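A.B. asks: Single-letter residue listing:
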Amino acid sequence: MLKYVIRRLLLVIPTLFFVALITFVLAQAAPGSPFDKNETKPLPVATIERLNRFYGLDRPVYEQFVVFLGNAVRLDFGVSLQRDRSVNDIIGQGLPRTAQLGVMALFVALAVAIPLGVVSALKQNSAIDYASVFLSTIGTTIPSFVLAIVFIYFFGVLLKLLPFVGWGDGLDRRMIMPTVILALGPMAFLTRITLASMLEAIRQDYVRTARSKGLGEQVVIVTHVLKNALIPVATVLGPAAAALVTGSFIIETIFSVPGVGREYIRSILARDYPIIMGTTMLYAAVIVIANLTVDLVYGMLDPRIKVA
Amino acid sequence: MYQRRIWPVLSLLLITSLLVTACTSTTQNPSASAGGAADPNGELVTNMGGEPDTIDPHKAQFNTEIGQVMMVFEGLMTLDPATLKPIPAAAAKDPEISADGLTWKVTLKDGLKFSDGTPLTAKDFAFGFTRTCDPATAGDYSYVLYVIAGCEAWNGMNVKKATPAELSAAKAKLGVKANSDKEIQFTLAEPAAYFRSILYMWVGMPARESDVTKGGDKWTEPATYIGNGPFKLTEWKHSEKMVFERNDSYRTPAKLKKWTKVMIGEGAVAFAAYRNNELDVNGISAEDLRAVDSDADLKSQLVDVGGAATFYYGFNVAKPPFNDANLRLAFAKSFDREAYIRDVQKIGKPVATGGFIPPGIPGYDKDDTIQKYDVAEAKKLFDAASPAAKDALKGLKFTYGSSARTKTRVEWVTQQWKTNLGVDIGLDPVDRTAFTALTKKPETTPQLFSLGWIADFPDQQNWHTTVWISKTGISSKTTGYSNPEFDRIVRAADKEQDPKKRDDAYLQAGKILSKDAPAAWIYYDASKYLKKPWVKGVTDTAVDSVLGEFRLYEIYVTKKG
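As given, the protein sequences belong to chains A and B, one line each in that order.
Start counting the first sequence at 1; every next residue gets the next number (the working numbering).
Start counting the second sequence at 309; every next residue gets the next number (the working numbering).
Possibly wrong hints are sitting among the right ones.
Derived coverage of chain A by chain B (criterion: at least 3 residues anywhere in the stretch with Cβ under 8 Å from a Cβ of chain B; other residues may be distant) [stated by the list, open to error]: (1) 152 to 163; (2) 247 to 256; (3) 261 to 267.
A few chain B residues that don't get close to chain A, going by computed Cβ distances all over 10 Å [claimed, not checked]: (4) Leu610; (5) Tyr648; (6) Asp732; (7) Lys836.
For the record, the hints were derived by calculation from the structure and aren't laboratory data.
Here the structure is a predicted model, which means the values were calculated and not measured.
Cβ coordinates follow ideal geometry from the N, Cα and C atoms, glycine included.
Looking at chain A on its own, in the form it has when it is part of the complex (with noise of 0.2 Å):
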């Protein structure tokens, strides 16, 4: 098993070493240039050539990758080539506010999708399971800038009931519809999850056993399917992170919350090429880490399946 983590973990380095190998040359690469923001007003090329010199970007991309990486593994990330700011300044400031919207969004989405997903399984054709395959159906088809404009018309417009501008310290009610649009596609993914295994495990012959055996019905679901049914969703729960992760990036953007994932966009419209790497390599961390601890906890789950 320890063999197994350190292998894993070594397995992050070339990893996050290609990411940023790829990220970079490709921001480089994408055509435009951090000092041509202004698409009706070119900076004289003079200009250009000194801003280049200045920061560093008339070296070659490779000596330029060279000192990123340098820098990168001492946690240094340079400084944004348009704001006076580092980089680990503009993500410190974003990050608490995306991951408060992440934790918050995945737990919203697994208060609702297992107990939805259980009942739905177990009252078939029931209103609730008709609630269920409603939500997953919005969930999995509309896309989430389409439901924020929706809601933000519905609930914020015509009926004044919650506000859509901002974010907030602690807990804010302006957190709401960005939490509850961002949760609601991992919502409906985990709820069909959540249905399928708990249909699949009910029909297992340890569970028709469990019965005949004379158990509880209640005992016979907790014990005997639940704890079966939950492994896959486990399992997507990594995947599940990561969507919320990129899905934020829209909802930053749509709700004005001051995260990263709207840095992220800003940046890559801007090729402000330090954030972008920042950024990129914050999100490439991120995901390797979910997927690892959702392996991880994939062997404790489920002693079939070995790890080591």
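Mind docking chain B on chain A? Use the hints.
C.D. replies: What follows is chain B alone, placed relative to chain A:
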């Protein structure tokens, strides 16, 4: 199981009904508060779109950046909102200019103070100008100060390669110095009459050296971002909002107590927030116009503002067909600009009369009708064009940086030329970056393409000379335009100290330009915004980087609701 299928259908219906309700909803009219007195504790809430990249006056480049500088700082000069001509601000009077036009002395008003109450001196101004020229500042906008002796040489140095001695030698040659606490002196590279207008700009804002040193990269945070303008920055929650409050040390205290600027990036969300009264003012895009037009309340809140930009079709004058001036003018006179704005562009002011410089900007020539839409006249010019040029029209292409928007626009104008002149023009969409690259070299410059110019400061020099002077002009470089007569007139006007003679000379140059037609003027920039009835005292100008830039202290709100 068939029963289950009905739910997706029902849910879709529900969503559709939500959408329809949302679209047909009318804005609730906040009880009219017109005619109320200024609320002494009034707060204005506006949207700044996104986090400004910098609010450092010596680096700012965009309106979201400059707009914040203009609230917190005041330059030596400002602009008269009625004429956009420079008038004294922190300066006590107009600059004293030496006979050769090269030495400018500016005396400060008495009793000037920073917002924390400490006195403001000429040294703080000298520091500001010097900092803009300093290569270590690495600002985007330093080039407008290249008119100051020594600024270009110093600013262009490579800070990594040059020795400290070389850098300080270059700095010593900079033509900026504080003669006393009250007088600042500039030495210019040429007798530039337009320097008066540059003195209003953010690049020359005063700053306290101690604040910049103490704050370092973070000196633009509220603690050290201390200015002398009508407002002070009291809070900056990055990517969330900026809060400005009245600066009580300013000589004309602002009527607003507080001005909060939130950062909503999505236009549709900002529009919704405006309808919800969460924003008092909101910019409107062409896409939102339909929603505004169909709502009487919103329509009554719509404000039109002119802009400091002109957009035009550029001709490659170096090659046939457009080396023929008659042909160029024929093209320029044969498309209906009014229809273009109405049907295609939606927001903008068509160039009906007037040349390169937009209305509201010094130098606008209302008598310039040279490129006016006139099909009969255009046909005559077309017939007068040389056969060689007309031959070269075969296979002519309009090259443009492709996007859904530009395509409709280009299709529209080529259709006009086909109808009015009988010329077939192909469409040549290229990647936007590739397009920029094409226009950089004369050999690759397309025959026909779109161009535009947004002014740095409202003076004719920044239009005619900067854009159209032979070889180095921004648009001369791309079109290949060169007229020695035009060059001579504008260069003389740049240095002319007599305002009347100067204005007349530029008008003359402007007419030459319209007639030479290296470009066909299409429209002047304009914008629209919505303003709640309780927001008052706003004086808009064509060069505003922030709502009511040159009369910020006059803006007030009456009690809401």
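A.B. asks: A separate judgement is required for each hint: does it hold in the structure or not?
C.D. replies: Hints versus structure:
With 8 residues bearing a CB less than 8 Å from a CB of chain B, the stretch 152 to 163 of chain A meets the requirement of three and the coverage assertion stands. Interface restraint, the stretch 247 to 256 of chain A with chain B: holds (4 residues with C-beta to C-beta distance below 8 Å; minimum three). Check on the stretch 261 to 267 of chain A: 3 of its residues sit with their Cβ under 8 Å from a Cβ of chain B, so the three-residue criterion for coverage holds. The claim that leucine 610 (chain B) lies off the interface holds: its Cβ sits roughly 19 Å from the closest Cβ of chain A, which is beyond the 10 Å cut-off.
No Cβ of chain A approaches the Cβ of tyrosine 648 (chain B) within 10 Å, the least distance being about 18 Å, so the stated non-interface status holds. Distance to chain A confirms aspartate 732 (chain B) as a non-interface residue, since its nearest Cβ pair spans about 29 Å, more than 10 Å. Its beta-carbon lying about 18 Å from the closest one in chain A, lysine 836 (chain B) satisfies the requirement of being farther than 10 Å from that chain.
In this structure, none of the earlier numbered hints is contradicted; all agree with it.
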